[in-house]
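Novice: Each chain, letter by letter, is given below.
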Amino acid sequence: MAQDLLQVSDGFANPVIESQRTFRAVLEALAHPGKIVTLHGNPQTPPGTCPTAASILLTLLDSDCSLWIDPAILTPAVKGWFTFHTACTIVPEPGGAQFAWISDLSVLPAFSTFCCGTDRYPDSSATLLINVPVLADGPLVGEEAVGLRLEGPGVPSSRTVYLPGVDFAYIARFVALRAANHEIFPCGVDVYMTTPETIVGLPRTTRVDIARGR
Amino acid sequence: MLQASDTASPDTQSSRANWIALLARSPLDLLESNCAFAARFEEHVLRHPETGLMMVQGRAGGSGARFNLGEVTVTRCAVRLEATDATEAVGISYVLGRSRRKAHLAALCDAMLQIPDLYPTLEASLLDPIRQYLAAAADARTARAASTKVDFFTVAREAGPIGASGRDA
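Chains as they are written, first to last, in the working numbering: chain A, 1 to 214; chain B, 1 to 169.
Be aware that one or more of the hints could be misleading.
[To be verified] Pairs of lysine to any residue, SDA-like flavour, derived with a Cα cap of 25 Å:
(1) A:Lys79 <-> B:Glu43
(2) A:Lys79 <-> B:Ile92
(3) A:Lys79 <-> A:Ala172
(4) A:Lys35 <-> A:Arg120
(5) A:Lys35 <-> A:Ile17
(6) A:Lys79 <-> A:Asp62
(7) A:Lys79 <-> B:Asp128
(8) A:Lys79 <-> B:His48
(9) A:Lys79 <-> B:Lys149
(10) A:Lys79 <-> A:Leu61
(11) A:Lys79 <-> B:Arg131
[Said to hold, decoys possible] Computed from the model, here is a short list of chain A residues facing chain B with C-beta under 7 Å:
(12) Leu5
(13) Val8
(14) Val91
Because the hints were derived from the structure by calculation, they are not lab data.
From a predicted model like this one, the values you see are computed outputs, not experimental measurements.
Every residue gets a Cβ at the ideal spot worked out from N, C-alpha and C, and that includes glycine.
For reference, chain A alone in the conformation it holds in the complex (with noise of 0.2 Å):
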């Protein structure tokens, strides 16, 4: 274990109790497909991080994971800190990760490079976290936004979360590689899309449409 621990900042003040709550509002999300859930007591992450994000993979990983980091994020300080909290192996290809994180939608690779599962083994799929500027549950006022209409186990009817800042086409990818990932079900990934204070889980049963609001 060669590295420099005086670059590594503080991981959770309280690890059982915010790991905890971190865990219940993880819970909450993915349960309530679209709800945006907003996550307090984040930890000390490296500088040029999304707290939540950073917070939800210090709660779920150990040194049996892997996780994928997006190389525009992937500093020796973001190593440092996952490696000294959570022990566990940062992988050089999507592939073969159980947890990536990506930094924006722009960046975001193809779903079928991460791992999918396998019909015996649905479980085994990656969990993506994707870190969007602003997630609002109505268009903001006097802005065209555009935004996802989700339907599916857990939405009542359907529900709209929004995503102002992003650009349409990277949406319409987004949109794009869901439906292909619902094909594949019961294999696919599952995603979280995180703000630096609040969380919205997509599970792959989520049906992911385009929404345009005023």
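On the provided structure of chain A, position chain B as indicated by the hints.
Specialist: Leaving out everything else, chain B in the frame of chain A:
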């Protein structure tokens, strides 16, 4: 998972590996009496004291094949100390047993020992007393074992060379 190391740690008195080993075997009260030095630092706990199991490996006779001897309970901790003058140090500890307090204090002392202007003070007030304590404990153990020592001796054969008797029979 920690990997066992076959190479002996550098045995100089002042090496970090050496003082970490001393701190891990120190009695708790010696650590308690020295932790006041940490008051001038801001303390960040990187890894809260946590208890786990470690596999101890051994070699028969010190040179045989490696085998798993058994598991021991170990508590570990990591802290970072920051002073106002931007001095900082990260201390770690791996301590046998389940004492979270001891693991925490050992990590604190390791961090403080890495700060050059604190080292001489702590060397005198902490490391020397630990060495004396460990030497005294080893002496006491040796003395206790020595008191049960039995000197066996073999009665020398009084007969002549083997086969000397009966040769003429």
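Novice: Would you mind marking each hint as holding or not holding in the structure?
Specialist: Now for the hints, and whether the structure bears them out:
1. A:Lys79 <-> B:Glu43: With Cα atoms ~23 Å apart, Lys79 of chain A and Glu43 of chain B stay inside 25 Å; holds.
2. A:Lys79 <-> B:Ile92: holds (19 Å)
3. A:Lys79 <-> A:Ala172: Violated: Lys79 of chain A and Ala172 of chain A sit about 31 Å apart, past 25 Å.
4. A:Lys35 <-> A:Arg120: Given that 25 Å is the threshold and the Cα spacing comes to 30 Å, the pair is violated.
5. A:Lys35 <-> A:Ile17: holds (23 Å)
6. A:Lys79 <-> A:Asp62: holds (14 Å)
7. A:Lys79 <-> B:Asp128: Not satisfied, since the Cα-Cα distance of roughly 38 Å exceeds 25 Å.
8. A:Lys79 <-> B:His48: holds (20 Å)
9. A:Lys79 <-> B:Lys149: violated (57 Å)
10. A:Lys79 <-> A:Leu61: holds (14 Å)
11. A:Lys79 <-> B:Arg131: Not satisfied, since the Cα-Cα distance of roughly 38 Å exceeds 25 Å.
12. Leu5: It holds, given that the least Cβ distance between Leu5 of chain A and chain B is near 4 Å, below 7 Å.
13. Val8: holds (6 Å)
14. Val91: With a closest approach of 18 Å, the Val91 of chain A hint is violated.
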